[in-house]
Amino acid sequence: MLQSDRRIARTCERRRTVAPMIEVDKLTKTFTVHKKEPGLAGSVRSLFRREYVHKRAVREVSFSVGEGEIVGLVGANGAGKTTIVKMLAGIIHPTSGRASVLGFTPWERDNRFRRQIALIMGQKAQLWWDLPAADCFLLLKEIYQIPEERYRSTLEYLAEALEVRDELQVQIRRLSLGERMKMELIAALLHSPRVVYLDEPTIGLDLTAQRAIRDFILRYRAEHRPAMILTSHYMEDIERLCRRIIILREGEIVFDGSLEKVMSEYAEHKIITAHLRKEEAPVGGSDGLGALGVVEESTPDLVRLRVPRGRVAETAAELLRGWPVADLAIEDVDIGTVIERIQRSRQRSQPETAKREEKP
Amino acid sequence: MRLALLWNVSSTEARKRMSYRTDFWINSLGGIAVNFSVYWFLAHALFAASGASTLGGYTPRGMVLYYVFAILMGRMVQSTEMEMGTSQDIYDGSLSRYLLYPVSYPAVKYAEQVGALAPQMIQMTLFGAVAPFLVGIPQEVHITPASVAMSLASLAVANLLHYLLLLPIQEVAFWAENVWSLVVAERFVMSLLGGLLLPLDLFPDWARQVLYWLPFPYLYSVPVRTLMGRVTVTEWATGLVIATLWCGVAAALGRLVWRRGDLQYTGVGL
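For the protein sequence lines, the chains are H and Y, in the order given. Under the numbering used here, the first residue of the first sequence is numbered 1, with each subsequent residue one higher. Under the numbering used here, the first residue of the second sequence is numbered 1001, with each subsequent residue one higher.
Chain Y extracted, bound-state conformation:
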């Protein structure tokens, strides 16, 4: 696939997403405020229940900061509005349009998803820049230009990994038509084992060792912890390699399911 085309698709989607100003601000202020409130109460409840001054190496302030970054980066990884895109295309027949074009459907769809992230990118930049000053930077957090750059690279891989992990599940729509509950179930697993609901530092050692070889930590936990300066360069690089390998596995699985499912496609709605 040509990069110029992917860029054009992304840019078109970005323009579409940013043509609705009210939605942008409601989503920015309302959505983030609701998420943040939930996680703030969760963090304080954890400390109150345990009575400890640090949990998993985080002070209460560090934990709140973790959640702020997890919310913002989570939105970048999940691309919420597009995560049902493929199954919806199969369900309502919109896939037919893409099948006519001389392009790879998964690649174009991914480019659309990246374009759809434009509002979230603006939100992340705005809120991510002010959050450390509002919450305060505790001693266990070390945000540096290098940690920001490394975190952005992890975030890019995490976004691709999230898309590819959901792709085979969405392709089940070729048979089942409605796969909403499957996608929600996978999203919950990814949020829990990826460190979006709870920092993985709170998990027992054995669980963290198992998760290290699975794709989930590289979705949320690794980008956030990298930004906070809690990951060494070696750990970060190894993480990138593992995440990339999982991208390959998920892509191969997606291709396999696509080949079988494509035979079932009926192109409804024409």
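Only chain H is shown next, with the shape it has when bound in the complex:
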């Protein structure tokens, strides 16, 4: 991020959030899916008799998102992240519960609501495959009724920020995945939405493209202050973009709070990595390492220990005293590991309500 971007971001951060732009109250979605036994016999049987299962994808989820906030929805596949986004974008109807986005009920699809939101899907192209991006954007200009002057300045700003000015005339299908994703971002932001849903925006991209997209999102957020919901399996996306995360498991919220809170409450350990000088033997011998913490890795020139948070200083001092330490680093446990543990350790909620029934 540029120096100026950081300054803008800090200024925006200081502003107080007014009313939440997204409010969700006990939102629930149950899908009815038919189960088919494998094999030819199963296919034939399903022509006459079908078994249906009610799958609760989202269970009484409640949260709110304020202006300028980026909230990360985190969870394993099938945890309900995308279903929540689909409901909040107005694509599908919930089974029960209430949601208000900018004062509108999303699934009523009021045009005033749809003019103020955007959904960017990393896994599904929204642009017209056979057309150059410039033509797609012209069509979106008509769809969103963007005044000519605003359209030109916004497109110029976005194309400049994402460095795709030279690719605007190229057919979408001829662009690289990273360039295509950047065009998807431009398409979604042309009408300056106040609420943005990002569904795995960096999926499948190389590291450089991932970084470029993240930097752009941060810059856009700092300058435009939209409320954003981000779903991603990449922890780097979550760490770089979100201050607050919502962890979902089987459609339920198991954690809603800041990233710092996740680490302070759930990361019970820290990792101490010590690079050793090979030529010197440890004072206490290598056998004593086990007493300091859980040995994650031990080689003649490196030691990695997992140590309880409360004993970090003491253990570091011990290492410095008894081992020929050339360099020492103390790090938090990987956030992904912590989140994974939260998802696993929480008490399992009620088992899935699978109800069998016959349908004609």
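Hints are computed from structural coordinates only; laboratory data are not their basis. Mixed in with the good hints, there may be bad ones.
What the hints assert, rightly or not - Covered by chain Y, per the in silico footprint, the following chain H stretches (three or more residues, Cβ under 8 Å):
| hint | region |
| --- | --- |
| 1 | 88-102 |
| 2 | 119-131 |
| 3 | 140-149 |
Ideal Cβ positions, reconstructed from N, Cα and C, are used throughout, including at glycine.
Keeping the supplied structure of chain H fixed, place chain Y upon it in accordance with the hints.
The following block gives chain Y in isolation, referenced to the frame of chain H:
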């Protein structure tokens, strides 16, 4: 819906469709030749079997000309490549994109369909202009500038009517996912009762009287017969009114099915 937007959607779709030159020419020459051969043999078989010199008021040459126009106009009415568009969008989740936009989905989809007709419009103009000279114009056919203009108006209504009649059937995809067989069945009924497979003049009187009040003749038979000068201005105007009323009925039914089906939509593929 704003006309500028609909025009833009149509024009975008037209540009997409015309970016594939090989497909255009294969479709133009191959597709029309196959269709024409089938109908030419059918027309001659009808006359050979009956032994009559005219059938339903058509000479053999008039019947062939009817089929030439029916093929060309039928392509304009059916917009073949788009007729499964809505059910496909529901099936693969492409509908989600449209639901995000502040537009009416059926209107945008129809504008796309009209845009997709661009290649067929070129085909119709090219082949429609030369066909009467190749086949010859028999005495029972009277093509005039007025009949061409009236026929084009009927064709426009027929295209909208065809789209609206198929819409509720396609929306069954909200429940059944795959509605291909339903669409094919309806298409067959429309082709048979609309005069695409056989001129309706060959049907018994009672059947024609019943069909007069149904939407089907206004899909193919009326535009073709109007072009050939076999429809009076009064019949043509009455036909337009009936077809427009059926458009309203089909649109209302489509809206009703949409409202129920929308609740079932799962937006797969996201």
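Quick rundown of the hints versus the structure:
{"no.": "1", "hint": "88-102", "in the structure": "holds (count 5)"}
{"no.": "2", "hint": "119-131", "in the structure": "holds (count 8)"}
{"no.": "3", "hint": "140-149", "in the structure": "holds (count 4)"}
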